[in-house]
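Student: Based on the sequences and whatever the hints tell you, model everything.
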Amino acid sequence: MSPEFVTVPARPRLRLATAWLAGCSGCHMALLDLHLELIALAAHADLVASAALCDAKEYPDRVDLCLVEGAVASEENRQFARRIRERTALVVALGDCAIHTNITGLRHRCRNGLGQTAIEAAAGGREGLDPPLPKLLPMVLPLEAVIAVDASLPGCPPSADRIGNLLRRWWQQQPLIPPDGPPQRFG
Amino acid sequence: MTMERRLVIEPLTRIEGHARITIHRDRQGLVQEARLQVLERRGFEQFCLGRPFTEMPALTARICGICPVSHQLAAAAAGDQLLALEPPPAARRLRSLLALAQIIQSHALAFFHLSSPDLLLGWETPPERRHLFGLIAAEPELARAGIRLRQFGQDAIEAVAGQSIHGAWAVPGGGLHSLRVDGRDRIRDALPQARLDARFGLERYKQVLDRGGLADLEAIVSLKSLFLGLVGPEGQWCVQGGALRLIEADGRLQADQRPAGDYGQLLAEAEEPWSLMTFPYVRALGYPRGLYRVGPLARLNVCNQIGTAWAASELAEYRQRNGRIVLNAFASHQARLVEIVACLEAIEQLLEDPELLDPLVRHRASLNRLEAVGMGEAPRGTLFHHYRVNPDGLLEHVNLLVATGQNNLAMNRTITALARHHLDGLGTASIPEALLNRIEAGIRAFDPCLSCATHAAGQMALQVQLFDADGSLLAERRR
Chain A
1068 MSPEFVTVPA RPRLRLATAW LAGCSGCHMA LLDLHLELIA LAAHADLVAS AALCDAKEYP
1128 DRVDLCLVEG AVASEENRQF ARRIRERTAL VVALGDCAIH TNITGLRHRC RNGLGQTAIE
1188 AAAGGREGLD PPLPKLLPMV LPLEAVIAVD ASLPGCPPSA DRIGNLLRRW WQQQPLIPPD
1248 GPPQRFG
Chain B
2 MTMERRLVIE PLTRIEGHAR ITIHRDRQGL VQEARLQVLE RRGFEQFCLG RPFTEMPALT
62 ARICGICPVS HQLAAAAAGD QLLALEPPPA ARRLRSLLAL AQIIQSHALA FFHLSSPDLL
122 LGWETPPERR HLFGLIAAEP ELARAGIRLR QFGQDAIEAV AGQSIHGAWA VPGGGLHSLR
182 VDGRDRIRDA LPQARLDARF GLERYKQVLD RGGLADLEAI VSLKSLFLGL VGPEGQWCVQ
242 GGALRLIEAD GRLQADQRPA GDYGQLLAEA EEPWSLMTFP YVRALGYPRG LYRVGPLARL
302 NVCNQIGTAW AASELAEYRQ RNGRIVLNAF ASHQARLVEI VACLEAIEQL LEDPELLDPL
362 VRHRASLNRL EAVGMGEAPR GTLFHHYRVN PDGLLEHVNL LVATGQNNLA MNRTITALAR
422 HHLDGLGTAS IPEALLNRIE AGIRAFDPCL SCATHAAGQM ALQVQLFDAD GSLLAERRR
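Chains as they are written, first to last, in this note's numbering: chain A, 1068 to 1254; chain B, 2 to 480.
Hint data in this document are derived by calculation from the structure and do not stem from the laboratory.
Among the hints, a few may not be true.
Cβ-to-Cβ under 8 Å is the rule here; a few derived chain A residues that face chain B [unchecked claim]: (1) Ser1092; (2) Cys1094; (3) Leu1105; (4) Ala1118; (5) Ala1119; (6) Leu1120; (7) Cys1121; (8) Asp1122; (9) Ala1123; (10) Lys1124; (11) Pro1127; (12) Val1130; (13) Leu1173; (14) Arg1174; (15) Arg1176; (16) Leu1204.
Just the calculated beta-carbon pair ranges, DEER-fashion [unchecked claim]: (17) B/Asp217 to A/Cys1177: 45 to 51 Å; (18) B/Leu361 to A/Gly1248: 36 to 42 Å; (19) A/Ala1215 to B/Gly324: 52 to 58 Å; (20) B/Arg320 to A/Gly1248: 51 to 57 Å; (21) B/Arg200 to A/Arg1176: 45 to 51 Å; (22) A/Glu1142 to B/Arg320: 28 to 34 Å; (23) B/Pro127 to A/Glu1142: 31 to 37 Å; (24) B/Pro433 to A/Ala1215: 25 to 31 Å; (25) B/Asp190 to A/Arg1176: 41 to 47 Å; (26) B/Arg320 to A/Lys1124: 34 to 40 Å; (27) A/Asp1217 to B/Gly51: 49 to 55 Å; (28) B/Ala435 to A/Arg1080: 21 to 27 Å.
A virtual CB, placed ideally from N, CA and C, is assigned to each residue, including glycine.
Tutor: So this is what it looks like as structure tokens:
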């Protein structure tokens, strides 16, 4: 573990969130691949929202940084992305799906899209009591097509090392992606 | 007293995927039904059509970031059959090593990172602290053990496949490269600590169980169902290369030693208008009577034995505690820990196998068959990849029957039972957050992977009928 990981800053604790739009959770697993460095992360930041990892049902206000995995595939994803942008200082597009839709966007190959099935036509459930299922967008969108993004970390998934570097730079108040850093690669 | 007829828990949290629970109650506030509604659709079965089957290991790995290995291996196994060949011995061993390592990392994630905040910190812990970081603060040694166990699995996968998530290794005919000596030694060097961590987790959880643990809910979440899993030729616990065994709730055999290609004879899929996830059932019993379960609980129910010493003794203790055929959904947590031990011991044996490092890891052939089913045990249960290709090897039909989908009926029954137990007659204002979390925990016990389960909406003939509470037909749809 590098020494700067265990130095606790004097300023107020940072508020970290993660969000998972249309993706496979691989980018979240890459975050968990920080392994014991997660303990150092916990010393710097509170995890205030992350459907995969904690129980906050509402995305809170005043989030300092949000790692967003996945493409924007449904109307619900789009609204959620906008809510994240309104309530978050720094938004990071984490991984190839968020950056250019990647595998999630392969559904553009389907002639009828995916939205026209009997199940969706019938959605609504018994006496219309179930809330409706999310409407798929006709095209899967990259995150940046919907909201402004402060940094992008490509990869399918990005390696834990690169996620760790980005988080370290964040709490050291440096630019999230170093301008003179190594080239970023997709895939 | 306000009595909402519909309660919605959304989003479900500390699970893999996007879903909500909708609870329907009548005018007296009695729960009629709780439904798990899956909210995503990714369409792998559709967009893979027309692509070469050789792409499937890399493409379908992207179905899920937690169990990419399972999809890669099932796709490669289907590819082996399309080529009509068997991979070399070293490749078969490396595939087993990958499957075992993945079960360790996935079970560690499910138990330590996701469920243990409920099990060890307690239901009443406020949501701000009821997560992995809360566990790090409250029980740092246990959190470290869980994190290290997950790391053991991820590092072993990386040693074989070059990358812990979406590593490109398995291909039709075998794998892309052999395991290097230093890779094997890295795994071996990490084993002693992994064994200590697994023991620590087991002992800690047994303390919880000894103090009563989840015993008050046992009757509520005990569900009569069939169980499906792979077993070896002697009926032993097995995750790769075995055959299907299907048993009834009392242990009687429904089917045994059946090959992957028989899955369509054994199983069928139904649909409901309110979910994007299908409802598989045992064909011979019909829908919904043919309710069955897969996963750690099922694997420990269907197997006669686990071939290694420590796992065998943990299995014996597990069965002493829970019975020979375990119906209690919450016993899955202990089952996962038993399986982590079984995987560690199986990996230890594999590492001593001289054939493991053999440089020949791939057999080559051209397309020799047009239809194949690949299967294996994913962390969450039996996984099937069924492909049909044209003579150019382009996919014409893809059906993915994944573990979480197969548990769909059981998950809905379990949350309905929990909702009745916890919520019947309560006014909306008197339903605390912790109570809703207890219903969600019924889903977490299955460790669902909804990214996996939401590939397509039905390929089979379909009849859906919609009834109101009095049983009169509201709508009907056929396809």
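Student: Mind listing which of the numbered hints don't hold for this structure, in increasing order?
Tutor: 11, 12, 16, 22, 24 and 27
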